[in-house]
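There are 2 protein chains.
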Amino acid sequence: MLSDQQMLRIPGPTPIPPSVQRAMSQPMIGHRDRDTKELLRKIKPKLKPIFGTVQNVEILAGSGTAGLEAAVINTVQPGDEVLVIVTGAFGERFVQICNAYNIITHQIHVSWGDAVTPEKVESYLQSHPSIKAVMATFCETSTGVLNPIQQLAKVIHQSSEALYIVDGVSSIGAIEANMDAWGIDILVTGSQKAFMLPPGLTFIAASSRAWEKIEANDQSRYYFDLRKYHHSSLLDSTPFTPSLTLLYGLEQVIKLLDQEGLANVFGRHDLMMKMMRAAFHNLGIPLLTSEKAASPTVTAIKPNTFQADELRKVLKDTFGLVTAGGQGELKGKIIRIGHMGYCSPTDILQVISSIEIGLKMIGMDITLGKGTQAAQKIFLRSGKH
Amino acid sequence: MLSDQQMLRIPGPTPIPPSVQRAMSQPMIGHRDRDTKELLRKIKPKLKPIFGTVQNVEILAGSGTAGLEAAVINTVQPGDEVLVIVTGAFGERFVQICNAYNIITHQIHVSWGDAVTPEKVESYLQSHPSIKAVMATFCETSTGVLNPIQQLAKVIHQSSEALYIVDGVSSIGAIEANMDAWGIDILVTGSQKAFMLPPGLTFIAASSRAWEKIEANDQSRYYFDLRKYHHSSLLDSTPFTPSLTLLYGLEQVIKLLDQEGLANVFGRHDLMMKMMRAAFHNLGIPLLTSEKAASPTVTAIKPNTFQADELRKVLKDTFGLVTAGGQGELKGKIIRIGHMGYCSPTDILQVISSIEIGLKMIGMDITLGKGTQAAQKIFLRSGKH
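Residue numbers (the UniProt record's numbering), protein chains in the order written: chain A, 1 to 385; chain B, 1 to 385.
Quick caveat, the hints were computed from the structure, so don't treat them as lab data.
Nothing here was measured: the structure is a model prediction, and the numbers come from that model.
Straight-line Cα separation of at most 27 Å, DSSO-like style, residue types lysine-lysine; simulated pairs: (1) K37(A) to K331(B); (2) K44(A) to K255(A); (3) K42(B) to K313(A).
So that you can see chain A by itself, here it is in the shape it has in the complex:
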């Protein structure tokens, strides 16, 4: 195997584009200097269309979980009842955060690999009027499920006064989000997914009704206190030293997204999903999720004729192609392939054709090129050429 080649195709962290890597190599600057203010002034307005909001998108130094925790503790208080929609490991993370703060969770659990239905949420909320917030995962990274976030918004607001908090960690920047139009109250993401950056930043936007709750909430918090970020934003600043290197990278990421155009970015992800799914379908390898529940950013297969982890090992050893296994109850049972951020249709062809060889190497009786061909056809039919 060619040394020093690695194709990182896990659902985040994702590869960094060379120009972003170079942007992050700029010399350090003072975090209270004009340079930092200018950087923030350039970056922050550009985040709004990605979130689909007119609100400021606040930037915190921390992992995606830090953002989720900030979303929860700024809006909900100990003893409050919330509804968490659990469709996989990241739905469970919301539950864990709430548990840590003595927030009472109602939970709707859906089989891992399925999306929640709006009807289920609607009837639950109607019979539980005390619920103050609903937490949902846009793309459930652990399964490759895309939950119907827009439709959920509708039923949530029709049937309750609850705030709607959405984990957009492996979706925002790859999948269209219209936070304001749909009625999402808090939307969170991280830097290491569709934003094509290293981990270390988390982004949060809040609706005006969420800001009212945030301002009035007396839950103890300091570093995660969104009021501090909001206040600093008005001065083109941050309350605490920001991750300057990642801000440099973000400036370049925004240029790349602008050059491609957001609609094209979303279209590319949709196309990659379709190529992936057609390939596995044609190879006769079961997909974990239905077409309706599939995420444009991560595809999971659930093989019934070979060991998932055996194929993953061969792919890594032979090609340096790194995929992800299952989490929780799906450990050892699935393979997850990330296709978000710095990933294009030609990368999908590479992944699929390499997987075909891997399947042969572990003794599977498949026709080489059959999956690739299906993906190629999808590409040609898409007109994206």
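Here the structure of chain A is known, so what remains is to put chain B in place on it, guided by the hints.
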């Protein structure tokens, strides 16, 4: 002025060494991969001598303030009484964090520019036996004061059962710290100071008696829950996605510190402080702190014959030399010059000789070279050549 030249001489963020910059440009890896485990296995034991501890040093993604908050909320609970030693803006930050969590603060205030005396703390603790923790700032970045952390440890443990929590943000890695031998219970630092990295990581080590409190503490927390980091450490992992780019950089920083030798690193900072002080002394410009209270990482001058901010502006415009002004009550009254991390005696000569020109440019009647000469003499006398 030569375009694209900037000399960042603020007390953090500090310049990044080229080899660290290159290390951070390595391609992204999976945060749950063997590569990340190996990286953590290489890095983490090397942090222990820098902190002077046999305990694990935990790494969180976040600003230094995130580390200070984690230190507080893992060990203290609402309603507990603590003593905060306030010698400047970062002592006040401890107070703000405690206030956010309804922790009752006793405060010893010292004039900005002075260090606290152990006697003051001793007598305070003797008359207030209910105090559960004492919080102190090793180097107070806002004034360039180095508090007597070792001596404080002694009086704190002799006169109370309180935990001793130390903000080491602009000292650890530049100044000797013997956490275990001195009796520090929690020691915190950040990446963007003596560690020569961009901001975005915070480091925390805890003594075994602090770990007992941490384990027993039921204060609500999730992302900042040090128990999670401790548990993951045992598996060479992290509970949440780490800032992988900064970990790559940290691996190289540790190589640089190893090559120089920690004792020499500390010696270099001490020498730079002496050169700075001798220069200003010889130029007749008042230093903010006494020799005894001076920090090896940042020097503040408090001019009485010219406007601090006027000189700062000339230095930036003429040489791209960036210094820091005063914070809080010292705003506009002082100039702070950082000399930590990627900074050497020759850089100090550059700073001083440039400042001499700046002084002339703002109309001061000084003898050019007088400060530089004093610094040169200190260097030659030190035998570090």
